[in-house]
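**Student:** One line per chain: the protein sequences are A and B, in this order. Using the numbering used here, you'd call the opening residue of the first sequence number 306 and step up by one each time. Using the numbering used here, you'd call the opening residue of the second sequence number 306 and step up by one each time.
Don't read these hints as lab results, they were simulated from the structure. One or more hints might be untrue.
[Claimed, not checked] DEER-style ranges, computed between Cβ atoms:
1. B:E395 / A:G365: 17 to 27 Å
2. A:S357 / B:M351: 32 to 42 Å
3. A:S352 / B:T372: 39 to 49 Å
4. B:M351 / A:E395: 22 to 32 Å
5. B:R341 / A:E385: 33 to 43 Å
6. B:Q373 / A:E392: 45 to 55 Å
7. B:R378 / A:G343: 48 to 58 Å
8. B:S352 / A:E364: 31 to 41 Å
9. A:S357 / B:R378: 27 to 37 Å
10. A:V374 / B:G338: 46 to 56 Å
11. B:E347 / A:E347: 44 to 54 Å
12. A:E395 / B:Q315: 12 to 22 Å
13. B:P354 / A:P354: 31 to 41 Å
[To be verified] Some but not every residue of chain A turned toward chain B, in silico, with C-beta under 10 Å:
14. S317
15. S357
16. E385
[Unchecked claim] Some but not every residue of chain B turned toward chain A, in silico, with C-beta under 7 Å:
17. S317
18. F320
19. V342
20. G343
21. T376
22. A384
All residues carry an ideal CB built from backbone N, CA and C; glycine is no exception.
There are 2 protein chains.
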Amino acid sequence: MLTPDAPADQLSDVFAALADPTRRAILHRLTLGDARVGELAEPFAMSQPAVSKHLKVLEGAGLISRTQVATSRFSHLEAEPLKEATEYMEKYRRFWNSSFDKLDEALASFTRATGPAGTARSTDTKHTPEPPSVTDENEANEENKERSDD
Amino acid sequence: MLTPDAPADQLSDVFAALADPTRRAILHRLTLGDARVGELAEPFAMSQPAVSKHLKVLEGAGLISRTQVATSRFSHLEAEPLKEATEYMEKYRRFWNSSFDKLDEALASFTRATGPAGTARSTDTKHTPEPPSVTDENEANEENKERSDD
DNA sequence: GCATTGAATAACCAATTCGTTATAGAAGCA
DNA sequence: TGCTTCTATAACGAATTGGTTATTCAATGC
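Just need the whole structure built from these sequences, with the hints factored in.
**Tutor:** Structure representation (structure tokens):
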């Protein structure tokens, strides 16, 4: 409550949710079908409230939805946010596609003479393979810029 | 954490690193080319030590490497871990590709739970688009569980 | 040798995270 | 109604996170 404004960006929430092995295991479990809380808690050596908290995090990230059936609440995998997260990382694809050693880097500019024929996938010309169109990365600026001006 | 030794799995570290908007912005900045710490700190309304900490996290996740040039340390984007992270999420692709009624699915699970009275998967799985081959999900099991799941 | 620049570290703080146990609440059943 | 089952919540605690300021360390330059 002391926070002036919660960032609450989807991407951060999704990545944070995925950063926990237990939650990833829960997601995996849900690929086999919806499950109630107790069912999800079983395989883990932790209490039911702990799992409930994890589910709350997953729900907050939009990675699961929940339905009350009887006395049970069923969690259902919602993979849509993963799509967004994947798309984010895809922007960096060319950076791991162009695998070069820092030594090989010089060699790459040499091999460059062959030209980027085709999909330009393997030897992607140079060391810095042209910035990806990460157009939305000012998100951080928005949040951080308007802070203390000392 | 009461666990004697942290497993420190790569995937968790990468996702955790990506969960912070500042760090994502730093990564994006590095797509434009290597940069020293002060250079990276500039656009943000935060101190240099704060950025240094972020860089440490990124380095720990293997997302950057660093080189000392003069009195400066240059950060270099290492996108390889993003490949692994992307591959992880790709396993869920069919789940965001297939759109089906979630209520119906919940009902199916309910029937499954009340019927066979166990973990038996009935073949009447209507819309669940067949579990992806998430074979490496035992990562969570290693840490948390004390029984077999898969 | 000595001052300067650039970055890391120390010490601290507030807030969050991830777990616990104990309790409360909601829905079905005798 | 009262009991049971399932899940959420409260209250707590240890560890981590993300930031700060002050200081130290390392490498350059003079």
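**Student:** If you check each hint against the structure, which ones fail?
**Tutor:** Of the numbered hints given earlier, those the structure breaks are 6, 9, 15, 19, 20 and 21, listed in rising order.
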